[in-house]
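K.L.:
Turn these sequences into a full structure, and let the hints guide you.
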Amino acid sequence: MFHKQKAENTENQTSTLDIFDFSGENAITIKDVDLFYGEFQALKKINMQMPKYKITAMIGPSGCGKSTLIKTLNRMNDLVEGCRVVGEIRIGGLDIYDKRVDLSALRKNVGMVFQKPNPFPMSVYDNITYGPRTFGIKKKSTLDEIVERSLKQAAMWDELKDRLNKSALGLSGGQQQRLCIARALAVGPQILLMDEPTSALDPISTGKIEDLCEELKNDVTIVMVTHNMQQAARISDKTAFFLLGEMIEMGDTEQVFSAPKHPETERYITGRFG
Amino acid sequence: MFKASKYKDTSAKILFFVCAGLSVVAVFGIIGFILYASVPAFRQIGVFNFLFGTVWAPDLYNNGLASADRVFGILPMIVNSLLVTLGAIAIGGTIGVFTAIFLVFWCPDKLRIRYAGQNKFLQKVVSCINKINLRTIFDQIIKLLAGIPSLVYGFFAIEIIVPMLAAINPEGVGQGLLACFLILAIMILPTITSLTKNALEAVPEQYYEGALAMGNTKAQAVFRVVFPAARSGIISALILGIGRAVGEAMAVIWVCGNRAVFPDGLFSYIRTLTTNIVMEMGYAPLDLHRPALIATGFVLLIIVLIINLSMNLVPKEFKGKRGNKVLSGEKTEIIYRKKGLVPEILKYVSMTLATLVAVILALIVGFILVRGIGGLSWHFLFGRSTNADPTLVPAFAVTGYVILFTLIIALPLGIGAAIYLVEYAKPGSKVVKVLRTFIDTLSGVPSIVFGLFGMIFFGDILGLGYSVLTGSFTMVLVVLPTIIRSTEEALIAVPVSLREASYGLGASKVRTIFKVVLPSAFPGIATAAVLSIGRIIGESAALIFTVGSILTFGGSPLDQGSTLAVLLYTLSVEGLEKDLSYATAAVLLILAFLLNMIVYFIERRVKKRNK
Ligand SMILES: Nc1ncnc2c1ncn2[C@@H]1O[C@H](COP(=O)(O)OP(=O)(O)OP(=O)(O)O)[C@@H](O)[C@H]1O
Ligand SMILES: [Mg+2]
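Chains as they are written, first to last, in our numbering: chain A, 2 to 275; chain B, 418 to 1028.
Treat the hints as calculated values from the structure; they're not laboratory data. Warning: the hint list may mix true and false statements.
[As the list claims (entries may be wrong)] Once the Cα atoms are required to be at most 30 Å apart in a straight line, the calculated DSS-like pairs of lysine-lysine come out as:
#, chain 1, residue 1, chain 2, residue 2
1, B, Lys1024, A, Lys167
2, A, Lys45, B, Lys843
3, A, Lys162, B, Lys1025
4, A, Lys162, A, Lys100
5, B, Lys1024, A, Lys140
6, A, Lys139, B, Lys430
7, A, Lys153, B, Lys932
8, A, Lys139, B, Lys932
9, B, Lys843, A, Lys117
10, A, Lys141, B, Lys425
11, A, Lys162, A, Lys141
12, A, Lys55, A, Lys117
13, A, Lys140, B, Lys425
14, A, Lys139, B, Lys425
15, B, Lys1025, A, Lys117
16, B, Lys425, A, Lys100
17, A, Lys46, A, Lys100
18, A, Lys167, B, Lys932
19, B, Lys541, B, Lys1025
[Claimed, not checked] Residues of chain A clear of chain B, computed beta-carbon distances all greater than 12 Å:
#, residue
20, Asp33
21, Asp35
22, Lys53
23, Cys84
24, Gly88
25, Asp96
26, Met113
27, Gln116
28, Asp159
29, Ser173
30, Ser206
31, Gly208
32, Glu250
33, Thr254
34, Ser259
35, Ala260
Every residue, glycine too, gets a C-beta built ideally from N, C-alpha and C.
P.N.:
What follows is the structure in structure tokens.
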């Protein structure tokens, strides 16, 4: 079901690249990226930069390649058979498709939150410590600290501090999703990828997550896919519009929504706001 | 640190592959070693004389042939084996398929009995009955039938079926061909029912709805459209049933009459390939008789392999997964237009036969429990055992030991194999196809053949003799396919999103599998373990010649003894004490029932959790 493809190639090499340096202005730089699922080209010559400590929203009609692009940023596409990436994606100073890049280290730095909340069927505590334990942290006091810090970061500490040992599956959908955010934060990522993180949630939970994102951008760079134009307008700093595998335009959110440069963008936005 | 984890990833992959490959080795090993041990027989008797000889006289004084020549011809037994199978599949196949149809289409979820009277007690009873979920109960009945040990069926056959047949036969004989038909039919019923049920449920809903939309009655839609569409799945079910019937030894051992001749009527005494082995192995001298019995097993194995491999010839359409094909308009016309009474009649046939199945189960369970529980005493369950006064204590110990050793070995191997198939291998690749074929083949090998292999390889060649270890190693091969299959299903059911979440946090594949996937699959794996325990407790043919059949047990894994099921065999064969046989059968039945309940509750919890 899951095939390591490129990841497997990396198994044989000698030196690994695992030091990411986020001192530059842009957290992510995408240069001339094409992506193929077998014969089908899902992304065409994508060029974009995502500035550090900002929220970049990706919008566009269904099937235009938003999820595909966001998944290339932490190489989740490695799991897809027949998926091929051409071009260059630089994150923290490294070309992440360089064979020497350590996949675990990449994903530690580039966390991901999925559309449907997907907590592990374990306790809240074990969910959050899963990542840190992956990276060899065993000391109970350190783990406790991480749990508290991550939950506080995700604004859930007060809600959950008394039920850390309860199953995460008992939480509400919104709580589960915020727990997943806390879980991603626990390994101290620099970048957080979110693919329609609120589309499975009710408006109140959605609001909470939006507030959380605003909070989080002090510490992390956020890339978010959303179908909700209001959401993009409300919380993002930059917005990129995609159509049929191409990036049509990208700019400051205010500008994209008030004065889109491209007629297709305008049509899409007015249609969706309408 | 990172490199170490990658190294671990690769070596884990290799390890899992080895687990999966073990089935291939096992199949070749079984064929190879049984052939190897049969060679002396084929050499001295001659393949042709052996296969086509019509007289089986292994002792100098057998069959009145007081000559210097012993004769080994198995043709009558080949014919008998095929004949009982044919009868069993005709009866059991029909009942099984109709029962499945009833279960899928007509079994009401709840009974709706109306009671208008004033009697408070009766009102309560009626409302209780109406609360029962009939469909679940029927499902459980089928599963329980599948979990009852062969020997208990054999015991039921000799105690119930044979006397009943004797009553209708003017000559007053109950044993023979017909008794074999009936008991084998009952034995293969659950296999056929549950597989047919799967096949019917896999038929796309549109077929059924389409037929109704064309004005078909429900019965017409079922029998004219859905049933034909499930054809290939049903044929596979029947083939599997045939394979089980050919290879079954213990259910027929007491009722076949045990004469190696061609039958000349329904009450003619017969002997099958399987019973030939079980009956004579215990005392067969090593020179030629024993190899000849092993060669009988080899012939049986080849027959079963051919039957099971013929499964691959069944077209794959609708076998298993839910398809989504839409009928072409033209064909629709042809199928849906027919009308008639036949489907309505078939509907009542299916209801009647399903009821019959429930009655049969009630008969088996009721009779054995009623007579068996009387014989259960504190002393018989837990008292000191001697040859003159046997109790169940040694059998409990041996059974426990065999379960323990078997699971310790088989669970890691089976889980590893399943992990390879689900998590590492490319779905649909050649490797997977080959592995699947061998795992299926292994699961189709008759118990008695496993027993022969265990005796030859672990017992003779590895020198473990009759012992708990020999039996456990043999049982590993028996339960391995079940464990692989159930674990695979459990792994596949783990949502992809959980794996993604783990990878997304930078976890390696091995870590993802062990920390996220396997824990989520735990209930499925627990089910596999419980099913295996059931199989071990119920197994007799594979254990008689590996663990042994003596009444005492020394207590070490290298000692011989007998498990509960084998004890039932010994007690009945030696006619020691009828009450003790009944009591042992009752214990086996109760254990099968308990294990079934455990599986039921695990599955129910999983269902609830997934909601
Ligand atoms: N695993 C895959 N194999 C082949 N094609 C794929 C795969 N995943 C996506 N595609 C195709 O790539 C294109 C882009 O898909 P993607 O999921 O990135 O779109 P999206 O913009 O996220 O859409 P949505 O808004 O519906 O989530 C689509 O045409 C889709 O069919
Ligand atoms: Mg998407």
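K.L.:
Compare the distance between the alpha carbons of Lys162 (chain A) and Lys1025 (chain B) with 30 Å, and conclude whether the hinted pair is satisfied.
P.N.:
27 Å, holds
K.L.:
Does Lys141 (chain A) lie within 30 Å of Lys162 (chain A) when you go C-alpha to C-alpha?
P.N.:
Holds, at roughly 16 Å.
K.L.:
What's the verdict on Lys46 (chain A) and Lys100 (chain A), does the C-alpha distance respect the 30 Å limit or exceed it?
P.N.:
21 Å, holds
K.L.:
Could you let me know if the closest chain B CB is still more than 12 Å away from the CB of Glu250 (chain A)?
P.N.:
Given that every Cβ of chain B is farther than 12 Å from that of Glu250 (chain A), nearest at about 29 Å, it holds.
K.L.:
So if I understand the rule, the pair passes when the alpha-carbon distance is 30 Å or less; does Lys153 (chain A) with Lys932 (chain B) pass?
P.N.:
It holds: about 25 Å lies between the C-alpha atoms, which stays within 30 Å.
K.L.:
So is Met113 (chain A) really clear of chain B, every C-beta pair being over 12 Å apart?
P.N.:
Check fails; 4 Å does not lie beyond 12 Å.
K.L.:
Could you let me know if the closest chain B CB is still more than 12 Å away from the CB of Gln116 (chain A)?
P.N.:
9 Å, violated
K.L.:
Minimum Cβ separation between Gly88 (chain A) and chain B greater than 12 Å?
P.N.:
The claim holds: Gly88 (chain A) sits with its nearest Cβ about 22 Å from chain B, beyond 12 Å.
K.L.:
Against chain B, does Thr254 (chain A) hold up as non-interface, every C-beta pair farther apart than 12 Å?
P.N.:
Consistent with the label, Thr254 (chain A) stays out of reach of chain B, its closest Cβ about 26 Å off (over 12 Å).
K.L.:
Given the hint that Lys139 (chain A) pairs with Lys425 (chain B), does the C-alpha gap stay at or below 30 Å?
P.N.:
The given pair, whose Cα atoms are some 19 Å apart, holds under the 30 Å limit.
K.L.:
Checking a non-interface call: every C-beta of chain B should be farther than 12 Å from the C-beta of Gly208 (chain A). Is that right?
P.N.:
24 Å, holds
K.L.:
What's the verdict on Lys1024 (chain B) and Lys140 (chain A), does the C-alpha distance respect the 30 Å limit or exceed it?
P.N.:
36 Å, violated
Figure legend: structure checked against the earlier numbered hints; hints not met, in rising order: 4, 5, 26, 27.
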